[in-house]
Amino acid sequence: MADVEPSPAPYERDFDHTSAHWAQHAPEIWDEYRTACPVARSNAFGGTWLPTRHKDVAAIAHDTENYTNSGAVISPERPEIPPPVGFAPPITSDPPFHAIARRMLLPPFAPKPVKALEPFTRDYCNGLLDQLLADGPAGDAAVGYAQHIPVAIIAKMLGLPESDGEKFRGFIHRIMEAPGAGHDIADDETLEYYLDGQVAERRLNPQSNEDGDLIDYLINADIEGMPLSDEHIRGTIALLLIAGIDTTWSAIGASIWHFAQHQDQRQILRDDPSLLPFAVEEMLRFYAPVTMARLASTDHELGGCPVKRGDWLLLPFPAANRDPEAFERADEVLIDRKQNRHGAFGLGIHRCLGSNLARMELTVALECFLHRVPEFELANPEGVRWSTGQIRGPRELPIRIL
Amino acid sequence: MKTTYNREACQGHNRCYMLAPELFDVDDEGYAIMLIDGEVPAGLEEKAQLAIDNCPEYAIELG
Numbered sequence: 116m117a118d119v120e121p122s123p124a125p126y127e128r129d130f131d132h133t134s135a136h137w138a139q140h141a142p143e144i145w146d147e148y149r150t151a152c153p154v155a156r157s158n159a160f161g162g163t164w165l166p167t168r169h170k171d172v173a174a175i176a177h178d179t180e181n182y183t184n185s186g187a188v189i190s191p192e193r194p195e196i197p198p199p200v201g202f203a204p205p206i207t208s209d210p211p212f213h214a215i216a217r218r219m220l221l222p223p224f225a226p227k228p229v230k231a232l233e234p235f236t237r238d239y240c241n242g243l244l245d246q247l248l249a250d251g252p253a254g255d256a257a258v259g260y261a262q263h264i265p266v267a268i269i270a271k272m273l274g275l276p277e278s279d280g281e282k283f284r285g286f287i288h289r290i291m292e293a294p295g296a297g298h299d300i301a302d303d304e305t306l307e308y309y310l311d312g313q314v315a316e317r318r319l320n321p322q323s324n325e326d327g328d329l330i331d332y333l334i335n336a337d338i339e340g341m342p343l344s345d346e347h348i349r350g351t352i353a354l355l356l357i358a359g360i361d362t363t364w365s366a367i368g369a370s371i372w373h374f375a376q377h378q379d380q381r382q383i384l385r386d387d388p389s390l391l392p393f394a395v396e397e398m399l400r401f402y403a404p405v406t407m408a409r410l411a412s413t414d415h416e417l418g419g420c421p422v423k424r425g426d427w428l429l430l431p432f433p434a435a436n437r438d439p440e441a442f443e444r445a446d447e448v449l450i451d452r453k454q455n456r457h458g459a460f461g462l463g464i465h466r467c468l469g470s471n472l473a474r475m476e477l478t479v480a481l482e483c484f485l486h487r488v489p490e491f492e493l494a495n496p497e498g499v500r501w502s503t504g505q506i507r508g509p510r511e512l513p514i515r516i517l
Numbered sequence: 106m107k108t109t110y111n112r113e114a115c116q117g118h119n120r121c122y123m124l125a126p127e128l129f130d131v132d133d134e135g136y137a138i139m140l141i142d143g144e145v146p147a148g149l150e151e152k153a154q155l156a157i158d159n160c161p162e163y164a165i166e167l168g
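In order, the protein sequences belong to chains A and B. Under the working numbering, the first residue of the first sequence carries the number 116, and numbering increases by one thereafter. Under the working numbering, the first residue of the second sequence carries the number 106, and numbering increases by one thereafter.
Since the hints were made in silico from the structure, they are not lab data. No residue lacks a Cβ here, since even glycine has one placed at the ideal position from N, Cα and C. Treat the hints with care, since some could be wrong.
[As the list claims (entries may be wrong)] Just the calculated beta-carbon pair ranges, DEER-fashion: (1) G168/B - G242/A: 24 to 32 angstroms; (2) S278/A - G168/B: 27 to 35 angstroms; (3) S122/A - R112/B: 44 to 52 angstroms; (4) D345/A - D133/B: 25 to 33 angstroms; (5) G168/B - E277/A: 41 to 49 angstroms; (6) D130/B - P125/A: 43 to 51 angstroms; (7) P123/A - D130/B: 36 to 44 angstroms.
[Stated by the list, open to error] List time: in silico SDA-like cross-link candidates among lysine to any residue, alpha-carbon distance up to 20 angstroms: (8) K107/B - K152/B; (9) K453/A - E113/B; (10) K152/B - L232/A.
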C-alpha cells in the first residue's frame, strides 16, 4: 500500500510577511484567515503563527508568561541577547526588567514635552510642502513628504544630523523590510557602528539633561545607581531611531493614499476641522502600520492551535483593528468614528512608547498637507508600492496635484 | 453619570486626556489622572463617554 501524505493541519498556510505578495495584499490575507482559521501558521522563519482576531491579538499582547518580547522583530536567527533585557530595551525586554528600562524613557515622550515639538514639526512639514508644490503637479507623497517628517523629528530629539536620514532609512530597510536577505555590508556601515560612534562622541563632551539630547539623557541615566551599559544605550537608541521612523512615515503615507481617493472626506474635514482628531484615529485604526512579533516561551494552545516553545508569532494590530467582532462597520473608514478602541500602538505593557509623538506628527502632517494640497489624486494607482515586513505603508506614492 | 478609572489597566495611551482634558490630566510618565471624584459634572457627559469609548485598555468605565 502506498504511503499516504498526511493532510496538512487546517491552520497551515504559506504566508511570508516579507514577500511582495504580502506587501500588496496583507489586508485581504488577514480577512481571509480571520474567517477561515482564525490562527494561521506557516513554515516561514522556522515556524510562524499569525492570529487575526482582536481577542487573540489582545490576549497575546497582555500575556508575558507564554510569550517573550526578545523576538519583537522576526529574523532568520533567534535573538542572541536573551530575556529579560534583549537587544533593544525596553521593546525587547520582559518583566521585571522591562518596567525599569521603560520608565526612564517615558517622560520625554509624555504628551506635554511632545506638544512642545509641534511648532518645529509644522514648520518642517510646510517646508517640504513648499518644495512639493514648487516641483508639482506630479510628485511622490511618500518620497517627497512622508518619509522625511519622522526622520527630522527623531534626529532632532536624538541630536543626530538630519542629513543622515538616507543612512537611517538604509538601516530600517535591512532590519525591518528585508530581514534575512543576507545583506553583505561592511562593519563600518552597520547601525551598531554608527551608534557606537555617536555615543563615544557624547562621552567626550558630556552634557546635562537640560542642555543635552536624548543620547546624553541615556548616558546620564542610571538603574539603581548604576549607569546603563553601552549595549543598553546603543540598543535603546537603535529602538528610538528605527521604531520612530518607518512607522510614522507609513501612517502618514497611508493616510495620504486614503485621502487621495476620497475627495468627499477631504471636503468634510475642510468643512469641520474639529473632526480631524477622530479622522486621525480612524486612519490609525484602519491603516495601523505596526505588526509586532513575539517568541513563544512555553508550549501552549492558542485558538485551538498547538504553539511550541520557540515558535514565532506575528501580532498584527492592523488585523485586530479590522475585526468585525471588535468594531462596528470594521471594513469601512468612518472619519467621524466616535467609539474607537483601536490597538494601532499596541496593547498592554509594550504600548508604543512614542505614541504621543507619532500621533502629533501624523496630525500635523495631515493637517498641513490637506490645507496646502486641497485637491489631489493618485497619479498611478498601480504604481503605489507598499513596504514588506512588519511595518506597512506606501514607500512610493505618486500623486497628481490638481 | 459616574466614571471609574483603573490605574492598573492604564498603559498611557492618552486618549482620555486628548478627548476629555476637563476630566483627565496626565502625569510626567504619561499615565492618566482622573480629575473628578467619579461624578461627571453636568455638561461633560458626552466627553466622559468619549473617554470611555476610546480607551484601548478598558481602563475607564461607567461607574
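Do the hints match the structure? See the list:
Roughly 48 angstroms separates the CB atoms of G168/B and G242/A, a value that falls outside the hinted 24 to 32 angstroms. Restraint check, S278/A to G168/B: a C-beta distance of roughly 53 angstroms breaks the suggested window 27 to 35 angstroms. Between S122/A and R112/B the C-beta distance comes to about 50 angstroms, which sits within the given range of 44 to 52 angstroms. At about 27 angstroms, the CB distance of D345/A to D133/B agrees with the hint of 25 to 33 angstroms.
Separated by about 48 angstroms at the C-beta atoms, G168/B and E277/A satisfy the suggested range of 41 to 49 angstroms. As the Cβ distance of D130/B to P125/A is approximately 50 angstroms, the hint placing it in 43 to 51 angstroms holds. Taken as a hint, the range 36 to 44 angstroms is violated for the pair P123/A and D130/B, whose Cβ atoms sit roughly 54 angstroms apart. Restraint check for K107/B and K152/B: the C-alpha separation of about 12 angstroms stays at or below 20 angstroms, so the hint holds.
With a C-alpha separation of about 25 angstroms, the suggested pairing of K453/A with E113/B is violated against the 20 angstroms cut-off. At roughly 26 angstroms between alpha-carbon atoms, K152/B and L232/A are farther apart than 20 angstroms, so this suggested pair is violated.
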